[in-house]
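As they're listed, the protein sequences go chains A and B. Using UniProt numbering, the first residue of the first sequence is number 1, and each one after it goes up by one. Using UniProt numbering, the first residue of the second sequence is number 1, and each one after it goes up by one.
Among these hints, one or two may not hold up.
A pair counts as met if it fits within one copy or between any two copies, since identical chains are not told apart.
[As the list claims (entries may be wrong)] Straight-line Cα separation of at most 30 angstroms, DSS-like style, residue types lysine-lysine; simulated pairs: (1) Lys9 <-> Lys83; (2) Lys13 <-> Lys48; (3) Lys13 <-> Lys112; (4) Lys48 <-> Lys83; (5) Lys182 <-> Lys83; (6) Lys182 <-> Lys111; (7) Lys101 <-> Lys48; (8) Lys101 <-> Lys83; (9) Lys40 <-> Lys13; (10) Lys182 <-> Lys9; (11) Lys83 <-> Lys40; (12) Lys166 <-> Lys48; (13) Lys21 <-> Lys48; (14) Lys83 <-> Lys111; (15) Lys112 <-> Lys182; (16) Lys21 <-> Lys81; (17) Lys101 <-> Lys166; (18) Lys111 <-> Lys13; (19) Lys112 <-> Lys192; (20) Lys111 <-> Lys166; (21) Lys112 <-> Lys9; (22) Lys192 <-> Lys83; (23) Lys111 <-> Lys9; (24) Lys81 <-> Lys111; (25) Lys192 <-> Lys81; (26) Lys192 <-> Lys111; (27) Lys48 <-> Lys182.
These aren't lab readings, by the way, just hints derived from the structure by calculation.
Protein chains: 2
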Amino acid sequence: MNLLEERIKRDGKVLSENVLKVDSFLNHQIDPVLMLEIGKEFAERFAKEGITKIVTIESSGIAPAVMAGYYLNVPVVFARKRKSLTLNEDLLTSSVHSFTKNETNEISISKKYITEMDRVVIIDDFLANGQAARGLVEIVQQTGAEIAGIGIVIEKSFQPGAEELKELGFRVESLARIASLKNGEVTFINEKVEELI
Amino acid sequence: MNLLEERIKRDGKVLSENVLKVDSFLNHQIDPVLMLEIGKEFAERFAKEGITKIVTIESSGIAPAVMAGYYLNVPVVFARKRKSLTLNEDLLTSSVHSFTKNETNEISISKKYITEMDRVVIIDDFLANGQAARGLVEIVQQTGAEIAGIGIVIEKSFQPGAEELKELGFRVESLARIASLKNGEVTFINEKVEELI
Numbered sequence: 001m002n003l004l005e006e007r008i009k010r011d012g013k014v015l016s017e018n019v020l021k022v023d024s025f026l027n028h029q030i031d032p033v034l035m036l037e038i039g040k041e042f043a044e045r046f047a048k049e050g051i052t053k054i055v056t057i058e059s060s061g062i063a064p065a066v067m068a069g070y071y072l073n074v075p076v077v078f079a080r081k082r083k084s085l086t087l088n089e090d091l092l093t094s095s096v097h098s099f100t101k102n103e104t105n106e107i108s109i110s111k112k113y114i115t116e117m118d119r120v121v122i123i124d125d126f127l128a129n130g131q132a133a134r135g136l137v138e139i140v141q142q143t144g145a146e147i148a149g150i151g152i153v154i155e156k157s158f159q160p161g162a163e164e165l166k167e168l169g170f171r172v173e174s175l176a177r178i179a180s181l182k183n184g185e186v187t188f189i190n191e192k193v194e195e196l197i
Numbered sequence: 001m002n003l004l005e006e007r008i009k010r011d012g013k014v015l016s017e018n019v020l021k022v023d024s025f026l027n028h029q030i031d032p033v034l035m036l037e038i039g040k041e042f043a044e045r046f047a048k049e050g051i052t053k054i055v056t057i058e059s060s061g062i063a064p065a066v067m068a069g070y071y072l073n074v075p076v077v078f079a080r081k082r083k084s085l086t087l088n089e090d091l092l093t094s095s096v097h098s099f100t101k102n103e104t105n106e107i108s109i110s111k112k113y114i115t116e117m118d119r120v121v122i123i124d125d126f127l128a129n130g131q132a133a134r135g136l137v138e139i140v141q142q143t144g145a146e147i148a149g150i151g152i153v154i155e156k157s158f159q160p161g162a163e164e165l166k167e168l169g170f171r172v173e174s175l176a177r178i179a180s181l182k183n184g185e186v187t188f189i190n191e192k193v194e195e196l197i
């Protein structure tokens, strides 16, 4: 998605070879017009999948997921993150480790909002090691719902998450795919391909 | 806002005289079409205010705030909630106590995203005792920005938050105003007025 890639080039801050900060339009300040375009793009990519529900995780997944939900005309459910959860039989839970923050959170979704009749797209802002996405997959699978795919705003393709999810058989649709953050610069997968031609 | 009031009547769960659960369309599962209508309504109410930025708080404020931001064509900044914050001179912070959850969180916003040139609307999902809204007010005031008003999806008018904010001179625009949750039933302010006529 060119609009997104241009925005990452312009406003993203490369903090290290692994860390890209997009606080100015996605993770802290949010650009609603960009979110709408992102939601529209997700909706187009999954338009023929008979989606009935979108599942995301608080907080940065919510804006792109709600816009996708608007265009697909389906509800969005967001998983909550907690340091620890009191046991509650109405909740489906999973454990998610964040390498960036070096902390493990329990994530949860109420049983009420996903059923085995649902066909789900999981949407999140970033995909790196795939911990959050796999946590969401685990929760959705507990309900018996089908997972039609995983929609990611920014994939760090040099980390293993996307590849591993594809090996598990999931369709992964990432709107921007980063090949490298070396030398303080963002290089996208398609730029790398162009260099090779 | 009739659409919202009807939805609250239909899908809200009154858990006690103080607690209304709207998990099925606002706080856990989100109805994107309703969010769009809510965003449009906020945008109309603040259309003449020269708004440059919307400020909200994770997680349930994000969806209505992003839709309002879309219609007002301004960025949205969401405050993050943490049990405790490591001191960081780039952050503006405030302390927010939640009576519902009986916990106090630090909330924070990066200094970069609000300046004294901004004219801000604060948006949140609920207004009861006004703790979260006052925390956001405090943060925005630290930047020197002007607060044009506070937009609330659901106001529990029988609790003191809205009145107190108005006494402090703030314009409070609440889309649904609940007079009472007595007898397991939602009564809106306008219904109470109609009864009196």
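Tested hints:
no.	hint	result
1	Lys9 <-> Lys83	neither (34 angstroms within a copy, 34 angstroms between copies)
2	Lys13 <-> Lys48	neither (36 angstroms within a copy, 35 angstroms between copies)
3	Lys13 <-> Lys112	between (40 angstroms within a copy, 14 angstroms between copies)
4	Lys48 <-> Lys83	neither (37 angstroms within a copy, 43 angstroms between copies)
5	Lys182 <-> Lys83	neither (33 angstroms within a copy, 34 angstroms between copies)
6	Lys182 <-> Lys111	between (43 angstroms within a copy, 28 angstroms between copies)
7	Lys101 <-> Lys48	neither (37 angstroms within a copy, 41 angstroms between copies)
8	Lys101 <-> Lys83	both (13 angstroms within a copy, 15 angstroms between copies)
9	Lys40 <-> Lys13	within (25 angstroms within a copy, 32 angstroms between copies)
10	Lys182 <-> Lys9	within (13 angstroms within a copy, 54 angstroms between copies)
11	Lys83 <-> Lys40	neither (33 angstroms within a copy, 35 angstroms between copies)
12	Lys166 <-> Lys48	within (19 angstroms within a copy, 49 angstroms between copies)
13	Lys21 <-> Lys48	neither (33 angstroms within a copy, 34 angstroms between copies)
14	Lys83 <-> Lys111	both (20 angstroms within a copy, 27 angstroms between copies)
15	Lys112 <-> Lys182	between (45 angstroms within a copy, 26 angstroms between copies)
16	Lys21 <-> Lys81	both (21 angstroms within a copy, 19 angstroms between copies)
17	Lys101 <-> Lys166	within (25 angstroms within a copy, 39 angstroms between copies)
18	Lys111 <-> Lys13	between (38 angstroms within a copy, 16 angstroms between copies)
19	Lys112 <-> Lys192	neither (45 angstroms within a copy, 33 angstroms between copies)
20	Lys111 <-> Lys166	within (26 angstroms within a copy, 39 angstroms between copies)
21	Lys112 <-> Lys9	between (41 angstroms within a copy, 19 angstroms between copies)
22	Lys192 <-> Lys83	neither (39 angstroms within a copy, 42 angstroms between copies)
23	Lys111 <-> Lys9	between (40 angstroms within a copy, 22 angstroms between copies)
24	Lys81 <-> Lys111	both (16 angstroms within a copy, 25 angstroms between copies)
25	Lys192 <-> Lys81	neither (36 angstroms within a copy, 39 angstroms between copies)
26	Lys192 <-> Lys111	neither (43 angstroms within a copy, 36 angstroms between copies)
27	Lys48 <-> Lys182	neither (37 angstroms within a copy, 46 angstroms between copies)
Of the hints listed earlier, those the structure fails to meet are numbers 1, 2, 4, 5, 7, 11, 13, 19, 22, 25, 26, 27, in rising order.
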